[in-house]
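Residue numbers (the numbering used here), protein chains in the order written: chain A, 9 to 503; chain B, 9 to 503.
Any given hint could be a false lead.
Straight-line Cα separation of at most 20 Å, SDA-like style, residue types lysine to any residue; simulated pairs [stated by the list, open to error]:
1. LYS14/B / GLU61/A
2. LYS14/B / GLY57/A
3. LYS14/B / ILE59/B
Calculated directly from the structure, the hints in this document are not laboratory data.
Number of protein chains: 2
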Amino acid sequence: MNAFEKIQTRYGEISDLGNASALLSWDQQVYMPPRGAAARGMQLATLSGIIHERMTAPELGDLISEARSEKLSGDREAFLRELSFSRDRSMKLPATLVKEMSLEESKAFEAWARARKLNDFSIFAPHLSRVIELKKQAAECWGYQETPWDALATDYERGLTAAKVEKIFKPLREATVKLLQQIQTRPQVNTKFLDQKWDIDRPREFGLRVARDIGYDMGAGRQDLAPHPFCTNFGHGDVRITTRYSQTSLLDGLFGTVHEAGHAMYEQGFDPADARTPLAEAPSLGVHESQSRFWEVRISQSEAFWKHYYPILRQYFPGQLDDATLEEFYRAINIIEPDFIRVEADEICYNLHVIIRFELEVRIFRGELSVSDIPAAWNDLYKKYLGLDVPNDSKGCLQDVHWAYGSFGYFPTYTLGNIYCAMLVEKMEKDMPQMWDLVAQGQFAPVLQWLRANIHKVGRRHEAADLIERVTGQPVSCDALIRHLTNKYRHLYEF
Amino acid sequence: MNAFEKIQTRYGEISDLGNASALLSWDQQVYMPPRGAAARGMQLATLSGIIHERMTAPELGDLISEARSEKLSGDREAFLRELSFSRDRSMKLPATLVKEMSLEESKAFEAWARARKLNDFSIFAPHLSRVIELKKQAAECWGYQETPWDALATDYERGLTAAKVEKIFKPLREATVKLLQQIQTRPQVNTKFLDQKWDIDRPREFGLRVARDIGYDMGAGRQDLAPHPFCTNFGHGDVRITTRYSQTSLLDGLFGTVHEAGHAMYEQGFDPADARTPLAEAPSLGVHESQSRFWEVRISQSEAFWKHYYPILRQYFPGQLDDATLEEFYRAINIIEPDFIRVEADEICYNLHVIIRFELEVRIFRGELSVSDIPAAWNDLYKKYLGLDVPNDSKGCLQDVHWAYGSFGYFPTYTLGNIYCAMLVEKMEKDMPQMWDLVAQGQFAPVLQWLRANIHKVGRRHEAADLIERVTGQPVSCDALIRHLTNKYRHLYEF
């Protein structure tokens, strides 16, 4: 075996351990009995210790140097680039800091949950300060140009900086705030007919049918119920999703299922030859989110989609949807209504929720905002962008878990996902002018095929912005997203 | 940390990896989508490679020597005894042989499945020969006194030899064959009322209720459906079972559930302080089986048990059991009827199925029986002991998977389980004369408590035969089992 082949073998095993770890986490959230938690925690810690040990092994470093002196194909170069990036990140962090972060994040999570329940930010504040302090230390270890935030964000979106995000988000924020104000002058949409009690099993059956129809391969996947919807991958041929359904909402479960199926179809579409290599991954969370949001928002909330599925949905719920026409139904599921909670937000408000979090994070890491001032700053921005008076911190700055886990730099990837998605859809429409007619006939294979060829099979060969530009021919900007939102909602709200 | 503490840390991680591996296998059998198999195979191989690497690490050997030079408590001595045994077994086998066995066993499994389906022993024969050959090589590596079979059996039941088993089984075989002949002269039992179509969900609900009632802690366990019923442990606080139910059998699912719950309650009863040590295990498969058979056969097929549960069972199946009295029901579920298939056998015939396999194995490993002669020898013994003419090899020597997996020496543990169980019950009856009255009132806690104190909490501190003798005051023999079978079935068949 030459040096590269030896690296492949070593990385294959690291990847196996990562997949084993992922299964342990999946089970923890889906099926583990309550008293299994302590042992599971130790199993996960042991696995991550071994992964760290193997990633940072000096022999692996020697092999990488040796392999780089050989003549390498583009794929092998990409393999080494990705491996080296992860390896360097691991090596730059002292083990003591890793351990301290993990301990503090567990404590911060507990404190956050209690604070949210009791609606008392002061319970969370000291823990949040500590987490931020440790994250700043980590950022110093990793290095950055302008703000420590940049060093953190690059974990989720390689090379992302606060300055870049600001440039991309500013026009989006301005256009969105304006669009929202225009919509709010228009007559309200009727959603009354959705306020019914729905059978608990039928939405699940319908959701699974749609997931299958759009191309989620159940021979290489499955759906389980869990309080928190997510997608997880245990290696090629086994990509699972979880969903939650409710009796009071007909469609949340469906859209959640389609969203997670979108993530899952992406991972099912990686090149099988890339299995157990760093190339069988998305280049970034933003690109991953572009796939889930594509199927959730652009497909399953489109008029074309419901042309096909509304008659079928009616059959699933006999008598319950007789009074609403297709057009009324389509309007109702696309209602725009500013509210406090991000995860329940509509397509327009969603990005404002994200932008608010991003702006606060950057101010925190530039030293312009102290932890104790977060609630006031939060409420201020909700008033400014969404016109809302936040009633309390539980519905405000305590709503999301991300900061407790130290996931700073994560939020922007949600909106980047929408931005990438809009750019991809414009290109898709150009390449396949008949695309929406096909969707209206329930034919999703050509669309999936397009994504497979342009995004899925590529895996992690290119970085996110590079990939999007290669596929669409355009540098990343929010223009396509603004065009989409403006067209769709001008039409829906008739202005 | 002193040497022993260092060993504890190392073994704790090995145990974590074993538990992770167990979860991967559980998922493979319960929830994994079909196309996940290839990746799962690699993950399991990687984990077992790391476990082997850590078990055989020279540093661990040095630490064991160092720890042995310290003054050790009895528990610590038992810890080192068990660890050294497993370590020596691993070290004595060359890696090439381990790999070859694993490959050959996979091939033999495929061949066995095809052979059984096509009822053609010749498909399986060459693979079986190869597996036996490799097992003989392994036995040479491990060493033995009389026959290579002894070196294999010790994996399942430490220190077991063919000579010991022969001595224990001979009187059982003779008594059982005689008992069976006596029963066959008696009038047949009516089981007609059990031949109904049963709702698929109700037996599961009833089974779960019984499992909970007898003491299976669902806060530290769960039941899933799987084609193959088994029990598996992912560390203290998470011991799961699987069961299969059928619409044509009211009770197979129940007895299977109680059997697996018996295994699970054993593992839930290990001392929490022994977690992540070699002491949190059964001393042998035979002892493990004594626990499952106790709840399955001695409790859930007893008259006392049904005094309590028959009225409840009737409520679960309104109208379907009105025609059968408690006595008729009790007779029907304990019917003795020789048949070809071990896993469907009654309490008396079961041991004869096991004894036949044991006798054949020993002849194979003593070089007295060639693979090609197995079918004839098999059919011969079925005629001799059970009075049956085996119609074909699929219902004969191809029915069990064990030999394909190279599990020679495993079968006797099934009957040893029954033997240990009978000995324990006699002691229990002496210690708790009111035991069967309690069972008839649905009170199982005192019985479970007795097992917890005498068997469960002890874990692997003593070897199997030693443990049974310590608890019962008797050396292992089949006398108690013969007494039980004779009393129970003389009463039932009135002779």
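Right, here's what the structure says about each hint:
1. LYS14/B / GLU61/A: holds (18 Å)
2. LYS14/B / GLY57/A: holds (16 Å)
3. LYS14/B / ILE59/B: holds (17 Å)
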